[in-house]
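Protein chains: 2
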Amino acid sequence: MRKIRLGIVGCGIAAKTLHIPALKELSDIFEVAAVTSRTKEHAVECAELVGGAEVFESYEELLRSGEVDAVDLALPVELNLPFIKKAVENGVHVICEKPISTDVKTGKEIVKIANGSDVVVYIAENFRHVPAFWKAKELIDAGKIGEPVFTSWHVWVGMDEGNPYVHTGWRKSPKHVGGFLSDGGVHHVAAMRLIFGDVAWISAAVRDLSPLLGGLDFMSSLLEFESGVVGTYTAGYSIKGKDRFEIVGTDGRMLVEWDRILLNGEEIGVNPENSYKLEFEDFYRVVMGERENVLGSPLEALKDLAVIEAAVKSNGHRIDLKSLLDWSG
Amino acid sequence: MRKIRLGIVGCGIAAKTLHIPALKELSDIFEVAAVTSRTKEHAVECAELVGGAEVFESYEELLRSGEVDAVDLALPVELNLPFIKKAVENGVHVICEKPISTDVKTGKEIVKIANGSDVVVYIAENFRHVPAFWKAKELIDAGKIGEPVFTSWHVWVGMDEGNPYVHTGWRKSPKHVGGFLSDGGVHHVAAMRLIFGDVAWISAAVRDLSPLLGGLDFMSSLLEFESGVVGTYTAGYSIKGKDRFEIVGTDGRMLVEWDRILLNGEEIGVNPENSYKLEFEDFYRVVMGERENVLGSPLEALKDLAVIEAAVKSNGHRIDLKSLLDWSG
Numbered sequence: 001m002r003k004i005r006l007g008i009v010g011c012g013i014a015a016k017t018l019h020i021p022a023l024k025e026l027s028d029i030f031e032v033a034a035v036t037s038r039t040k041e042h043a044v045e046c047a048e049l050v051g052g053a054e055v056f057e058s059y060e061e062l063l064r065s066g067e068v069d070a071v072d073l074a075l076p077v078e079l080n081l082p083f084i085k086k087a088v089e090n091g092v093h094v095i096c097e098k099p100i101s102t103d104v105k106t107g108k109e110i111v112k113i114a115n116g117s118d119v120v121v122y123i124a125e126n127f128r129h130v131p132a133f134w135k136a137k138e139l140i141d142a143g144k145i146g147e148p149v150f151t152s153w154h155v156w157v158g159m160d161e162g163n164p165y166v167h168t169g170w171r172k173s174p175k176h177v178g179g180f181l182s183d184g185g186v187h188h189v190a191a192m193r194l195i196f197g198d199v200a201w202i203s204a205a206v207r208d209l210s211p212l213l214g215g216l217d218f219m220s221s222l223l224e225f226e227s228g229v230v231g232t233y234t235a236g237y238s239i240k241g242k243d244r245f246e247i248v249g250t251d252g253r254m255l256v257e258w259d260r261i262l263l264n265g266e267e268i269g270v271n272p273e274n275s276y277k278l279e280f281e282d283f284y285r286v287v288m289g290e291r292e293n294v295l296g297s298p299l300e301a302l303k304d305l306a307v308i309e310a311a312v313k314s315n316g317h318r319i320d321l322k323s324l325l326d327w328s329g
Numbered sequence: 001m002r003k004i005r006l007g008i009v010g011c012g013i014a015a016k017t018l019h020i021p022a023l024k025e026l027s028d029i030f031e032v033a034a035v036t037s038r039t040k041e042h043a044v045e046c047a048e049l050v051g052g053a054e055v056f057e058s059y060e061e062l063l064r065s066g067e068v069d070a071v072d073l074a075l076p077v078e079l080n081l082p083f084i085k086k087a088v089e090n091g092v093h094v095i096c097e098k099p100i101s102t103d104v105k106t107g108k109e110i111v112k113i114a115n116g117s118d119v120v121v122y123i124a125e126n127f128r129h130v131p132a133f134w135k136a137k138e139l140i141d142a143g144k145i146g147e148p149v150f151t152s153w154h155v156w157v158g159m160d161e162g163n164p165y166v167h168t169g170w171r172k173s174p175k176h177v178g179g180f181l182s183d184g185g186v187h188h189v190a191a192m193r194l195i196f197g198d199v200a201w202i203s204a205a206v207r208d209l210s211p212l213l214g215g216l217d218f219m220s221s222l223l224e225f226e227s228g229v230v231g232t233y234t235a236g237y238s239i240k241g242k243d244r245f246e247i248v249g250t251d252g253r254m255l256v257e258w259d260r261i262l263l264n265g266e267e268i269g270v271n272p273e274n275s276y277k278l279e280f281e282d283f284y285r286v287v288m289g290e291r292e293n294v295l296g297s298p299l300e301a302l303k304d305l306a307v308i309e310a311a312v313k314s315n316g317h318r319i320d321l322k323s324l325l326d327w328s329g
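These protein sequence lines are chains A and B, in that order. The numbering of the first sequence is our numbering, which starts it at 1 and goes up by one. The numbering of the second sequence is our numbering, which starts it at 1 and goes up by one.
Note that these hints are calculated values from the structure, not bench results. The reader is advised that the hints may include incorrect statements.
Identical chains blur together in the list; that is why a pair holds if it fits in one copy or across any two.
Derived lysine-lysine pairs resembling PhoX-like cross-links, with alpha carbons at most 25 Å apart [what the hints assert, rightly or not]:
| hint | residue 1 | residue 2 |
| --- | --- | --- |
| 1 | 135 | 3 |
| 2 | 172 | 322 |
| 3 | 322 | 112 |
| 4 | 105 | 24 |
| 5 | 112 | 16 |
| 6 | 277 | 322 |
| 7 | 40 | 16 |
| 8 | 240 | 144 |
| 9 | 137 | 240 |
| 10 | 242 | 135 |
| 11 | 137 | 242 |
| 12 | 16 | 86 |
| 13 | 24 | 313 |
| 14 | 112 | 175 |
| 15 | 24 | 40 |
| 16 | 175 | 322 |
| 17 | 172 | 16 |
None of these values were measured; they are calculated from a predicted model.
Whenever a hint applies, use it, and build me the whole structure from the sequences.
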């Protein structure tokens, strides 16, 4: 099987703790051939973690080296647009960490660049690869809760001093809309959209509760999906607690967890596979032309971000997603 | 101790199953002296239940008989305004079942009538007499969860064919705003307002899910209290499930149930006293001039109803409660 020669760009927490472990399990289809990072020691560290890779002084040199087929961008969000643009200009495929961009406006630029290019632009949203969410959708589609009516998701991240993400420079002074609300929130929106489809509108209230966390760190919202399902989604990044993701139908209900679903009180086990591994596998197949880019579609990632941007703008007012995703502007 | 001579007006489910059992426990302060009901057999039945009381052919005769100091109105909601008006005109005190009226407009009339009168007009909202809600407020005020940030209340009433309220004529073709949404919802709003204070705004989505239940039977909402606490409140009248009322603070959380509070995982028992009994006791003290009419205040009941009326009108749009409670119109 042909391997994709990958260049890791940005050797921060995501690359080291999420991507490289997944890529190591996928050594039959990926070869990490090159790394680069603003801080050279981080690049050297990553090169060692992957068991040896060429360290480039700059992104441009890496792109032009001819040694990579694709780049894996794990960067401060505000760099996604210029870095994706350069990769595409150099004919190099891209897998890029979510959120797609700092806001919908620049995210649209990425969608346009991707649409106008022959290389793959894949936005890595690992929640679209989490088996429990697909299982929930399967059970709903099979009528196990009657007609789906309502969902409620409470996420309590509870970040404190000990959490490494809190101290990332670009997270402390976020340029991405809503700070942690979009950084974490696009994951949850992706999962809800996977299960319930596109969001029609959202109304939300947001807060900056914790001085430790840069930018906003709490939101609660009411949203309606185009399917008619109603939901409330609440995320507290400084508040500790047990997450609770419930789906209620006319004739049953379920609680969705990572490794199981409680369907009408009955436990259904779900294999909590490494979603990052599934994500890179999917990227591989898309690059190889074996699959359409559905799960890494920039437009899907843009729709996730738009829901959070709408929430940040809402202050209780109804924001129709169509107004943000309009392409005439 | 002087007894209040009470006339029960309307001998339906509320009178028979909620009020009369409470009044029997309060025979030292209430004497049910008279009853009347549109259906005479119901009045006779009620008279028997209380161990004998004069059955009047009409409300007017009962009011003018000189045999009652106060009336207990447990009527189809649309009759509250004319029946309260007549009682006040006859100098008879009133305790009247919630919701205060069919809508805010007519509810305001009741508030005006009450304010312009020397007799007591007391709206019976038993949730304002539930010990668990007062205990929750006490724990929050004592700082047990840090600063209160968020509340989420899911109510799953799950009414089916076997539920007597489903078959009440005025509930099958509701003239009161939102049908079950206000009939049940004012209770929950009363409890939330007791704990968190007045509601600043609400955004909501409503549904008519069940053909068995007259009018609307599902709502989900996002609301912000004037204190800054954010909440989601969801009620499904046709959907079965276990209720869940959670309050989250910056430094802790609680689950509020009828007979206990789970505070940061620790169980605190609460005596689930008969809230109808506490309500009638409070009414007695107000009539006797021993207490201000705080818990039975028509204005408070109006504010409860206004939140539900706003929810019904919302369709995701933010409705500021001030706009409904404006008195200039």
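Hint-by-hint comparison with the structure:
1. Taking the closest pair of Cα atoms, residue 135 and residue 3 never come within 25 Å of each other, the shortest separation being 31 Å inside a single copy and 64 Å across copies.
2. In this homomeric assembly, residue 172 and residue 322 never come within 25 Å of each other (Cα to Cα): the closest approach is 31 Å inside a single copy and 38 Å across copies.
3. Proximity of residue 322 and residue 112 under a CA criterion of 25 Å is satisfied intra-copy only: 17 Å inside one chain copy versus 45 Å between copies.
4. Within a single copy, residue 105 and residue 24 get their C-alpha atoms no closer than 35 Å, and across copies no closer than 68 Å, so neither meets the 25 Å cut-off.
5. When the C-alpha separation of residue 112 and residue 16 is checked against a cutoff of 25 Å, the pair qualifies neither within a copy, at 30 Å, nor between copies, at 68 Å.
6. Proximity of residue 277 and residue 322 under a CA criterion of 25 Å is satisfied in neither setting, with 33 Å inside one chain copy and 53 Å between copies.
7. For a Cα distance limit of 25 Å, the shortest separation of residue 40 from residue 16 inside one copy, 14 Å, qualifies, whereas the shortest one across copies, 80 Å, does not.
8. Taking the shortest alpha-carbon separations for residue 240 and residue 144, only the inter-copy value of 15 Å comes in at or below 25 Å, while the best intra-copy value is 32 Å.
9. With identical chains, the CA atoms of residue 137 and residue 240 are at most 25 Å apart between copies only, with a shortest distance of 21 Å across copies and 28 Å within one.
10. Proximity of residue 242 and residue 135 under a CA criterion of 25 Å is satisfied in both settings, with 21 Å inside one chain copy and 24 Å between copies.
11. Taking the shortest alpha-carbon separations for residue 137 and residue 242, both the intra-copy value of 22 Å and the inter-copy value of 23 Å come in at or below 25 Å.
12. Taking the shortest alpha-carbon separations for residue 16 and residue 86, only the intra-copy value of 23 Å comes in at or below 25 Å, while the best inter-copy value is 77 Å.
13. With identical chains, the CA atoms of residue 24 and residue 313 are never at most 25 Å apart, being 41 Å at best within one copy and 55 Å at best between copies.
14. In this homomeric assembly, residue 112 and residue 175 come within 25 Å of each other (Cα to Cα) only inside a single copy, at 21 Å, whereas the closest approach across copies is 53 Å.
15. Within a single copy, residue 24 and residue 40 get their C-alpha atoms as close as 22 Å, which meets the 25 Å cut-off; across copies the closest is 82 Å, which misses it.
16. Within a single copy, residue 175 and residue 322 get their C-alpha atoms as close as 24 Å, which meets the 25 Å cut-off; across copies the closest is 36 Å, which misses it.
17. In this homomeric assembly, residue 172 and residue 16 come within 25 Å of each other (Cα to Cα) only inside a single copy, at 20 Å, whereas the closest approach across copies is 62 Å.
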